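Chemist: Given the coordinates of chain A, work out where chain B should sit on it, guided by the hints.
So the chains spell out like this:
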Amino acid sequence: MINFEEELKKFKPSLEIEDAEDIIYNQDLDDMSDVLIKLLKDAKQETESTKRSK
Amino acid sequence: MAIATSKKLESFSNFFYNDGLEKAGVRDLTGAIESLQQSLRMDKNNIDARNLLGLVYYETGEVVAALSEWVISKNLRPEDNIADDYMDMVRNSPSKLEDINQTIKKFNIAFNYCRQGSLDLAVIQLKKVLSLNPSFIKAHLLLALLYLKAGNFDRAKTEAQKVLKLDTGNLMAKRYLKEADNMLLPGDGGKLVSDVASSGNDEIIRYNSGNEMIIQPRKQSVLTKSGSIWGIVLGMVLGIAASCFLILPQRIASITSNNDQKIADISEISDSKTAQIGENEQKIKTLEKQVDNLKKEAEGYSGSKSAAVNSLMKASSIYMNDPSNIEDMKNALEAVDLDTFENGSPEVELRDSLMEKIGPQLAQPYYKKGAEEYKKKDYENAVKDLAKAYQYNKKDVTILFNLANSYKEFGDVDKAKEKYDIIIREFPTSQSAASAKTKLAEINNTGGSDNAGDTNNADIESNVNNADNTNNAGNTGNTKKKKNTENTSNANNASNNDNAENANNTDNNADNGENADNADNGGNPEGDDNANNDDNNDNADN
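Chains as they are written, first to last, in the numbering used here: chain A, 1 to 54; chain B, 1 to 542.
Chain A with its partners taken away, still in its complex shape:
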């Protein structure tokens, strides 16, 4: 049996044209390469900090 309230929560207001600009600017465009680069940067920073502490 479908719960109407729960199902209704799955719906979201449709995007209006006036909001298109905000959507474009705020869209998360990061891909896997960006994630890997960030991961590598973080790993490098962690290594350097470990060395300093020693």
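No lab work stands behind these hints, which were simulated from the structure alone.
Here are the simulated lysine to aspartate or glutamate pairs, DMTMM-like style, with alpha carbons at most 20 Å apart:
#	chain 1	residue 1	chain 2	residue 2
1	B	Lys74	A	Asp30
2	B	Lys74	A	Asp31
3	A	Lys38	B	Glu10
4	B	Lys7	A	Asp31
5	B	Lys74	A	Asp28
6	B	Lys178	A	Glu6
7	B	Lys149	A	Glu7
8	B	Lys105	A	Asp22
9	B	Lys96	A	Glu16
10	B	Lys174	A	Glu7
11	B	Lys74	A	Glu21
12	B	Lys7	A	Asp34
Have a look at the derived ranges for each label pair, beta carbon to beta carbon:
#	chain 1	residue 1	chain 2	residue 2	range
13	B	Ser93	A	Ala43	48 to 54 Å
14	A	Leu39	B	Met89	38 to 44 Å
15	B	Glu98	A	Ala43	49 to 55 Å
16	A	Ala43	B	Ile124	54 to 60 Å
17	B	Val26	A	Lys54	58 to 64 Å
18	B	Val26	A	Asn26	28 to 34 Å
19	A	Asp28	B	Ala150	34 to 40 Å
Reference listing, derived: stretches of chain B covered by chain A, where coverage requires no fewer than 3 residues with Cβ under 8 Å from a Cβ of chain A:
#	segment
20	39–50
21	54–65
22	96–104
23	134–147
24	171–179
As the structure is a computational prediction, the values presented were derived from the model and not from experiment. Here a beta-carbon is modelled for each residue, glycine too, at the ideal position from N, C-alpha and C.
Modeler: Same frame as chain A, but now just chain B:
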């Protein structure tokens, strides 16, 4: 190393792109969106995947999301990008863009109604949205959910099926469809399991179709239930009987009434037409009579006038040949009214000149005859003859006076007055004028009483014999009447013409002698009368 990783990611991205493309090819839009989003997570620079994602969004009705993807795609690769074409397609039709925007706004309003609990309003609004953009999947889904909530499972099912037609991989639609199917009897379109279960009667099936509850008998062979057949037959018989005994008589009466009304109307119209025809026929007859009368009148007028002219010409001709042939002239003018000629016409001149010469001679016999008739009290013929005499001789006041008296006795007072007036006007110095005045006064005073009439008779008889007899003017009553009787006898006695003989006749008094002369000289002009009066005076002396 980095390059190898990058290539690896591109490879993954392409894999998901191919998967998304394949799903989009079979209209599994939901699956295509997921694959394409996965592809872009691997490689955000996969332009084809981004453009295809925008296209799939556009197909589902998410136009703004589609535009966003195409704009980003355009930023990432400004040149040689198919996103330009897609965006141009939307930009070049502003009305379509406006419709899309209105659709989105209405959907958001409907969504707000849902959250506020105004489900009926939301349904109405969503129907409007779908009429504007039938491929708006999210609107179909929300509407299906609302139908499920309201218990309209078949409609929910329909909406879900529409969604699955647009997007074969839409999981939400599949769930709604399953839910609707679960609430309806599978394989027996639209029947609710609960309703069928609650129906204790084996002969009927109840089920809901939308908001309507349908109750229908279970299909059974009529042959298996003879009671039903007999029931049907009985029902038909009763129906026929009812129609024969109840409906048909009313129907017949109604038709008869209508026909009677029509017949009455038609007969009324017919009567009015007949009356009209009668009136017209009457008018035609009247007009025909008028035409006949006018024709006769015209013929009579022309005939009498021409006859009068001919007679006048004939009389003139006779006079030219033999002026003494009075008899023929009299015969020629016998039946002619000489007064029919118009004044100033040549016929009048001819008539007047002819009458001046022979008028007195022509008038004489008519005058005598008229006098006789007057004595016999045949006033009608007296009037005719005296009028004829007057026509021939209009200068003789005696004729005119006697004619006036005749008219008076005949009862034509107007004519009598007219003639008396002529006497007074044209012969003012004559004795007859004085008598005419007296007569007129009598007529005016007495108004034609019987006694006055007797008196007048006496006077007129006297005047017939002696119109200008001054001695008799003052006489009245029986004495005068006796005298007149004697005078009449004397008037017929030709031997009394001579005064000498009168003188010798001792039986005759002076008045007799006068009257004898006057009777014989009835047609004489007034001047002659005066001469006779002188003689009468002599007789009186005698």
